[in-house]
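Participant: So the sequences go chain by chain: A, B and C. For the first sequence, our numbering begins at 1 and goes up steadily by one. For the second sequence, our numbering begins at 469 and goes up steadily by one. For the third sequence, our numbering begins at 937 and goes up steadily by one.
No lab work stands behind these hints: they were computed from the structure. Using N, Cα and C, we set each Cβ at its ideal position, and we do this for glycine too. Each hint should be verified, as a subset may be incorrect.
Stated by the list, open to error - One side of the interface only, derived from the structure: several residues of chain C facing chain A at Cβ under 7 Å:
no. : residue
1   : Gly1137
2   : Asn1277
3   : Gly1280
4   : Thr1295
5   : Ser1336
6   : Tyr1340
7   : Val1375
8   : Thr1376
9   : His1377
10  : Ile1379
Said to hold, decoys possible - Below, a list of computed lysine to aspartate or glutamate pairs in the EDC-like style, where the Cα atoms sit at most 20 Å apart:
no. : chain 1 : residue 1 : chain 2 : residue 2
11  : C       : Lys1394   : A       : Glu98
12  : B       : Lys926    : C       : Glu1034
13  : C       : Lys1394   : C       : Glu1381
14  : B       : Lys671    : B       : Asp744
15  : C       : Lys963    : C       : Asp945
16  : C       : Lys1131   : C       : Glu1034
17  : A       : Lys458    : B       : Glu566
18  : B       : Lys663    : B       : Glu622
19  : C       : Lys1131   : C       : Asp1163
Said to hold, decoys possible - Some chain C residues well away from chain A (every beta-carbon gap over 12 Å; in silico):
no. : residue
20  : Asp951
21  : Leu987
22  : Arg1026
23  : Phe1056
24  : Ala1079
25  : Leu1113
26  : Pro1117
27  : Arg1248
Each chain is listed here by its residues.
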Amino acid sequence: MTRLAPHPDRLLPSDPAAREIARTLFKEVVEAPIYSPHGHVEAALLFENSLFPDPAALLITQDHYVTRLLHSAGISMDQLGVNTPDADPRQIWRRFCERWHLFLGTPVRYWFESEFSEVFGLEEHPTAQNADALYDQLASTLAREEFRPRSLFERFNIAVLATTDDPADDLSTHRALAEDPTFSGRVLPTFRADKYMDPAGAKWVVKLEALTEVSGIDCGSYRGLLDALRLRRRYFIEHGSTTSDSGVPDAWAEPLADADAERLHAVGLAGTISADEAVAYRRNMLYQFAAMSADDGLVMQLHPSVLRNHHRPTFDAFGPDTGHDLPDIAAFTRPLERVLNDFGTHPVFRLVLFTVDETAFSREIAPLAGFYPSVYVGAPWWFIDTPAAIGRFRAAATDSAGFYKTSGFIDDTRAFCSIPARHDMSRRADAAFLANLVVTHQISEADALTVARDLVHKIPVETFRLNG
Amino acid sequence: MTRLAPHPDRLLPSDPAAREIARTLFKEVVEAPIYSPHGHVEAALLFENSLFPDPAALLITQDHYVTRLLHSAGISMDQLGVNTPDADPRQIWRRFCERWHLFLGTPVRYWFESEFSEVFGLEEHPTAQNADALYDQLASTLAREEFRPRSLFERFNIAVLATTDDPADDLSTHRALAEDPTFSGRVLPTFRADKYMDPAGAKWVVKLEALTEVSGIDCGSYRGLLDALRLRRRYFIEHGSTTSDSGVPDAWAEPLADADAERLHAVGLAGTISADEAVAYRRNMLYQFAAMSADDGLVMQLHPSVLRNHHRPTFDAFGPDTGHDLPDIAAFTRPLERVLNDFGTHPVFRLVLFTVDETAFSREIAPLAGFYPSVYVGAPWWFIDTPAAIGRFRAAATDSAGFYKTSGFIDDTRAFCSIPARHDMSRRADAAFLANLVVTHQISEADALTVARDLVHKIPVETFRLNG
Amino acid sequence: MTRLAPHPDRLLPSDPAAREIARTLFKEVVEAPIYSPHGHVEAALLFENSLFPDPAALLITQDHYVTRLLHSAGISMDQLGVNTPDADPRQIWRRFCERWHLFLGTPVRYWFESEFSEVFGLEEHPTAQNADALYDQLASTLAREEFRPRSLFERFNIAVLATTDDPADDLSTHRALAEDPTFSGRVLPTFRADKYMDPAGAKWVVKLEALTEVSGIDCGSYRGLLDALRLRRRYFIEHGSTTSDSGVPDAWAEPLADADAERLHAVGLAGTISADEAVAYRRNMLYQFAAMSADDGLVMQLHPSVLRNHHRPTFDAFGPDTGHDLPDIAAFTRPLERVLNDFGTHPVFRLVLFTVDETAFSREIAPLAGFYPSVYVGAPWWFIDTPAAIGRFRAAATDSAGFYKTSGFIDDTRAFCSIPARHDMSRRADAAFLANLVVTHQISEADALTVARDLVHKIPVETFRLNG
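With the rest of the complex left out, here is chain A (with noise of 0.2 Å):
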């Protein structure tokens, strides 16, 4: 069978009662705007607003999920077109097309399977035999006006997109979007400083020295750097951005005394810093933005314990977010114990605490937001953002912190025709997950529909502080 056509009750649950209160709970929230406090789609896309390219660079190649498990099934890196400018896309798209069956099951092939039909109006199933049909279809498709990602932005209905960027961004794009009187749409941008945090890497130096650039503040010094970093994040600030983020080894946050702060600065200019004192210059820095959070009120996004760039030849050849960054146990009742205990109850401080080690919902996550007001806790984050492990997440951060100390969802995705899918499933399996407590009696389906609601409206509004 190769009628592609998603199923208008798809995750709700199967036991009729059930589905039928899902229906209901999903159909109040359906149309509701997309609020996505985190991604990765740059704000260049809209305010270029270019034609897509071809349809396997828009789908495959530049999506580590898809490639990922291509990848996994032996296809290699430069066959999908990774990194590998001269390859031809529709020759990626067959191979992809060839291979549908091993997406089956996987969120991925959900995602596409929503995407396919209802933004682009595929009705078949990718086949080997269809494949050129289907890649005509969708080159012709992104050709016309309408797909142009600023008429897609209206068409998604998404009320607040927001980028990730570097302290050292002028932001420019976010202001020329922000006054361009055509495009309404609001696109903050989130301040990640993963760079500056880490002395033994490779590319610490030249940030550094892009910082003080723009900063007019000398970051040769730890002080400077410190200083910078507070007045970008006020100029973040002002260009509209209400949260930062830090994707770190591990959550640990330690605070340095000054001197040694200092002190570990010089030796990582110098190019003598060991790992040890990287990793302790590390964690006071995590500390350190933590302070700053509570201090001007960016809302602390902590993305930790993923095992980067696992394939050494894979990175050397391809590059970064080729797919072979790996999951880590995950810790952050003992890690943050510090930041807790100096900002935990702080008025202005806040954090959203991701993983995806799904153990620490139950056992550290969901604990930690039911007492500290400032921790919120994170959407099932990447490998873990699928609809069986956010029904998993439900049960487990629900016992021990309600539904509004978790954060709403998150896409946290560099596909952009992807956004609505994503936020589509998370919206029906947050309806069944309600419609199963209504069914066992655990809560009001009337209760179930203002926590529908609020969960794409409310929750994230007031966690991530979109209000503005």
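Put chains B and C on the given structure of chain A with help from the hints.
Facilitator: Here is chains B and C on its own, set in the frame of chain A:
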């Protein structure tokens, strides 16, 4: 909707076939007497049999399950009356009622709905509007004779209630209760010697002195302390105790040579013990407690791997048990290797293992209980004492240990009036789990009925040696 | 009720719509031949083709899944006949029958019900009352010609059965079976060299001598050992082997320089190797096995992170494999980094990862298998080879790896007569999982049928290179 009317089928499966069977199973146990072999209600409550104070003190301020979630929403501990004697109880109750929706989906709300309706006869959900009316209704209810603790004890149909007691306690309250011809309930002491295990603890020296006093044995030496503890265990046994309990940072139990333990005892008294030495002393004591259990037959309960008092400022201002004890990663198989090699097949020794890290059920606790005759799987505890987690626990533990090496339900509460609601939840959750095994033809309905009955009577009675 | 009649729909979902689909899926695979690519049945069983001994020896004494649970209820190993040749089998059988309820809800009972009914034709559940009658019925059944192993092999419809074999084994039994014109089954050896990895192990020196003898290569040196192992792998391949297996304390694989390994080999022979050195030697060997797999194409199975022989007194009295091997926390992503950097995209190398710690599925194994073409997700193993855990495994693994990077079911059993029941369980559990995806409209019924079929044929055949 504000009408409060817990559904008679709550927590039972929504699938009609499964629900019908679950109803039959639940009906079989709904009236069964309550065995509560571990909890934190004090014997004095029943001895004194005073009227309960105001609703806020009874239902909110003293229950850290409740205050922590309100605290996580930004209500400070003093606004909740925690260690704040002059706080206005009506104000506290209002704060709670205004935030009733924060508890949606949590076990706390689930218990409250049962308790409010079935114990106190409330007919409306709390709201900002009805807060004062509900307060008045509760206050006048609590003033009635039939709401004295002993009347409730009978009404709750409690067969056995175990308290948690210091080894230096003279158990006069327990004795007085037992000898009181007007009270027929069984209220049993539990031997909990945590504070005697930690020579770095603030109260260790004071505790040793108290124990010396009550036992007549000089606890200035390690040998003396062991002898005194053994004597007090006998005393507890003479007063009806069948169990000991240990709440420890981890489950490691490693014997020291007597001379080494004696030396650590001395440096402990001198106030010069190091952190590592204190850990070694504590782990040796846990081993010694196991040896004592093998000797005198007190069932050893182990509640490890909780990080206590995570937020120092709250601890300093409001004391312990204020909602920021947090789960730690738990381990049992390696930590208990020495104890189980020495006593694991001992005919008298018995060990019930509890966890707040649910990954331990399938990986450690159930496999241990599925081999060692002395080991039992403790019911889900604290953060995971919830309808959803009970289902996960049963699924995880039954595979390796069946039903008959689990402990039966433990309420572990200091909220006396929540005891029936908690046991009711457990019975429903077990009925649901069993019904699902029946409708998927994994066990027969007759077998499910036997198991359901055994889970509330035979299993706790035998596990905790309550036949006495 | 004592009538034993496993329900034709057992394990299928209770929801009528889902059950109907699950029935269709299961019907499609119920008669499919069994591929058993990893287990502990010995080739001699089929070669000798003797009648099975008494029911107790066949069903209880030799199956540590069974004895461990009876032991946990206080029946000693000698009462179960373990390493106790003069134990009365009828008595053993009675002890089992009296405690049949202890197995309720466990996979052991689930398998027994199928096996008792479908293999042996029992029509009553075991009870204290019918124990002798059942014993007599089983004993007379086992005396019939059609219950010889080869007849059962055919009746069970086993397409491939892999054994587990020592590298020094001359495989004469396998060869004789393969050459026997009266037996057409495929019984393949598996190369398992654990005992050659551990120079601190009691049998290492003896094993080296045996390997020297059979290979004609002096294993007194590290280089000699590697050469001998390579030669024996070739020999195994010539005798039909397609896989190796390693059961190791952890998954760490770290190469040593040849000179270092040679030195450790020498101190191992001298009996002076330290614990740390032995670990380094073992981890290097695991790396070398991976290198060999990349060279000769034996599929590398890895079964790490089990704590063996936890209860020393039982080990001393009754030997290994007596029910107290216990799961340890498992890790793969960091431990295998070096192996996967060197061979992860190698066209010949293949690695199937098994775990008894189910948190590893979503956090480590499936993410690895979803990137590395060489890595496959092994089916749930041992303690988690159960209906409930199979469902959790599918939910966890499919998200990141789909269905086509999982291994297909592995029975891993030494209980020959339980093989059909175990594969039947797996097929039902997968049918249930797939049916739930269908009724929630995540995949089509046609796709589910294809996956169900592939899971029992194409997937194991391709994963383990059984096409040969």
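Participant: The structure should be examined with respect to each hint, and the outcome stated for every one.
Facilitator: Cross-check of the supplied hints:
Taking 7 Å as the C-beta contact cut-off toward chain A, the hint placing Gly1137 of chain C at the interface is violated, the least distance being around 29 Å. Proximity of Asn1277 of chain C to chain A holds as hinted, the smallest CB-CB distance being about 5 Å (cut-off 7 Å). Residue-level restraint check for Gly1280 of chain C holds (minimum Cβ-Cβ distance to chain A is 6 Å; threshold 7 Å). Interface hint status for Thr1295 of chain C: upheld, as the beta-carbon distance to the closest one in chain A is roughly 5 Å, under 7 Å.
Because the closest C-beta pair between Ser1336 of chain C and chain A is about 5 Å apart, less than 7 Å, the hint holds. A hinted interface residue such as Tyr1340 of chain C counts as satisfied when its beta carbon comes closer than 7 Å to some beta carbon of chain A; here the least separation is about 5 Å, so the hint holds. At about 4 Å, the closest approach between the beta carbon of Val1375 of chain C and any beta carbon in chain A falls short of 7 Å, and the interface hint on this residue holds. With a least beta-carbon distance of about 6 Å to chain A, the hint placing Thr1376 of chain C at the interface is held under the 7 Å criterion.
About 3 Å separates the beta-carbon of His1377 of chain C from the nearest beta-carbon of chain A, less than 7 Å, and the hint is met. At a threshold of 7 Å, the smallest CB-CB gap from Ile1379 of chain C to chain A is about 5 Å, leaving the interface hint in force. Only pairs whose Cα atoms come within 20 Å are accepted, and Lys1394 of chain C paired with Glu98 of chain A is accepted, the gap being roughly 17 Å. Between the alpha carbons of Lys926 of chain B and Glu1034 of chain C the distance comes to roughly 17 Å, so the proposed pair stays at or under 20 Å and holds.
Of the pairs offered as hints, the one joining Lys1394 of chain C and Glu1381 of chain C holds, with about 19 Å between alpha carbons and a cut-off of 20 Å not exceeded. Taking the CA atoms of Lys671 of chain B and Asp744 of chain B, the gap is near 18 Å; set against the 20 Å cutoff, the hint holds. Using a Cα cut-off of 20 Å, the hinted pair Lys963 of chain C and Asp945 of chain C holds, with the two alpha carbons roughly 10 Å apart. Between Lys1131 of chain C and Glu1034 of chain C the CA atoms are separated by roughly 39 Å; this puts the pair beyond 20 Å, and the hint is violated.
Simply put, Lys458 of chain A and Glu566 of chain B have alpha-carbon atoms about 17 Å apart, close enough for the 20 Å limit, and the pair holds. In summary, the hint linking Lys663 of chain B to Glu622 of chain B is not supported, as the alpha carbons are separated by about 33 Å, beyond the 20 Å threshold. A threshold of 20 Å between alpha carbons decides the hint, and for Lys1131 of chain C with Asp1163 of chain C the separation of about 16 Å falls inside it, so the pair holds. Listed as a non-interface residue, Asp951 of chain C fails to keep its Cβ farther than 12 Å from every Cβ of chain A; the least gap is roughly 5 Å.
Consistency note on Leu987 of chain C: stated as away from chain A, and its beta-carbon is indeed over 12 Å from all of that chain's, at 45 Å minimum. Arg1026 of chain C, annotated as away from the interface, keeps every beta carbon of chain A farther than 12 Å; the closest lies near 47 Å. Phe1056 of chain C, annotated as away from the interface, keeps every beta carbon of chain A farther than 12 Å; the closest lies near 37 Å. With a closest Cβ-Cβ approach of about 47 Å to chain A, Ala1079 of chain C is found to remain outside the 12 Å limit, as its non-interface label requires.
The claim that Leu1113 of chain C lies off the interface holds: its Cβ sits roughly 34 Å from the closest Cβ of chain A, which is beyond the 12 Å cut-off. Pro1117 of chain C, annotated as away from the interface, keeps every beta carbon of chain A farther than 12 Å; the closest lies near 39 Å. Against the 12 Å criterion, Arg1248 of chain C stays outside the reach of chain A, whose nearest CB is about 30 Å from its own CB.
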